[in-house]
Amino acid sequence: MSTIVRLQNEIFDPGQESNAFLKDETQAGAAVTFTGIVRSNAKAPITSLTLEHYPPMAQAQLEGFATKASERFELQKICVIHRYGKMLPGEPIVQVMTLAPHRRAAFEGAEFIMDFLKTSAPFWKKETGINGEVWVEAKTHDDDAMDRWS
Amino acid sequence: MSTIVRLQNEIFDPGQESNAFLKDETQAGAAVTFTGIVRSNAKAPITSLTLEHYPPMAQAQLEGFATKASERFELQKICVIHRYGKMLPGEPIVQVMTLAPHRRAAFEGAEFIMDFLKTSAPFWKKETGINGEVWVEAKTHDDDAMDRWS
Amino acid sequence: MKVLYFAWLRERLNRGEETVSPPKDVTTIVDLMDWMAKNDEGFELAFEKRSLIKTALDENIVDHDTPLGEAKTIAFFPPMTGG
Amino acid sequence: MKVLYFAWLRERLNRGEETVSPPKDVTTIVDLMDWMAKNDEGFELAFEKRSLIKTALDENIVDHDTPLGEAKTIAFFPPMTGG
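Chains as they are written, first to last, in our numbering: chain A, -3 to 146; chain B, -3 to 146; chain C, 14 to 96; chain D, 14 to 96.
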């Protein structure tokens, strides 16, 4: 099992990261990539999104979720990339990649990490639009999503 | 909703396909990519994998699964790429990509399509190893995976 | 009607497709398999375990007791293993 | 001990971190919040709805009734919205 967790301000290239993750892998049959993208609704367009984070805790939490996922599902490799700072609509915020012998584990591992990340990793989103800035509110359905793994 | 289904003999670049799929998308928040890879076990190494298929039916079935997925989950875009012919360990066989406002739909849509594809799309795998050629047997757990959507 | 074979079925029969003209009393897929097995020993061997064989009429998967109807193509193949 | 604030909590308090030296009878997180609110009106306003505020002691999320113990850092923040 190998795990990589990267926190970064810089934009990343989703496809390039997937290819780097898959490179030279011949023992695994299934790879899942989740990419979270800065979304701008037509009704309430945003001009940018800013992510604040608590660096050492964010790193530790993400590594913890990856370890939990690897204990629970048959995974061969995990990579989590999460950005902080200012980003624009269409840009990637987060990418979670899992590699497994079988597809079910790869899907579940990625979804498990995302569900924990959404509710328990110390990041906070602030949207900037034409009417000013607003902190994004936490969603109860994210708590529900996390709870189904317990 | 836009759906693309591509059957092809040629190898494809997983990351490049993901990037093409994501390009200019600012209305969606979540993208999931599943990539199936030719696996070679250390215990029973294979030298190549050959996929036979029934072309018009494979195309129709994959389009049908994509339509079912889009009716069932809130998806904005689906792309399915499936190869046929001869391929080598480490090469991608199949890629399913989904784009949705929320991650749950993107995950479920991709997993739904893969579960149907595994049991109901007319493709047949033959492994070539040092001891000769053998047709891969269907797995009952793939039937179980499909059944959970009914 | 056109008959297609795939994977190990195709290999055992040593052909991927053929055209058959069954008599009128051959109305279902089971009838067709019986009739073909009677006329061809290779077919009988290849189709020994019929429960392992899946069938598509004009590209739609159907059960063996389905009537042939106006179908132009029938395909026989083992359980699918794509993805 | 070091106190950290994030997101709208940081903005309302107009500071991201500070160092506090609570008296010995401040043993739990609730005690600390009470003591800080008593000394600082801004804090009292910012922490009005305590159920909305999450707490981490030395980078581990804990309930408000947790003893401060030997913790070097306490962080206060709203529910997380990453990903």
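Incorrect hints may have been included.
Ranges between beta-carbon positions, derived for each pair [unchecked claim]:
1. 64/D with 37/A: 55 to 61 Å
2. 64/C with 68/B: 27 to 33 Å
3. 16/A with 47/C: 22 to 28 Å
4. 97/B with -1/A: 27 to 33 Å
It should be emphasised that the hints constitute simulated quantities derived from the structure, not laboratory data.
Note that CB positions come from ideal geometry on N, CA and C, so glycine has one too.
So, going through the hints one by one against the coordinates:
1. The given range of 55 to 61 Å is broken by residue 64/D and residue 37/A, whose C-beta atoms sit roughly 29 Å from each other.
2. The beta-carbon spacing between residue 64/C and residue 68/B, approximately 30 Å, falls within the hinted interval of 27 to 33 Å.
3. For residue 16/A paired with residue 47/C, a C-beta distance near 57 Å fails the hint of 22 to 28 Å.
4. Hint check: residue 97/B to residue -1/A, Cβ distance near 29 Å, so the stated range 27 to 33 Å holds.
In terms of the numbered hints stated before, the structure departs from hints 1 and 3, listed from lowest to highest.
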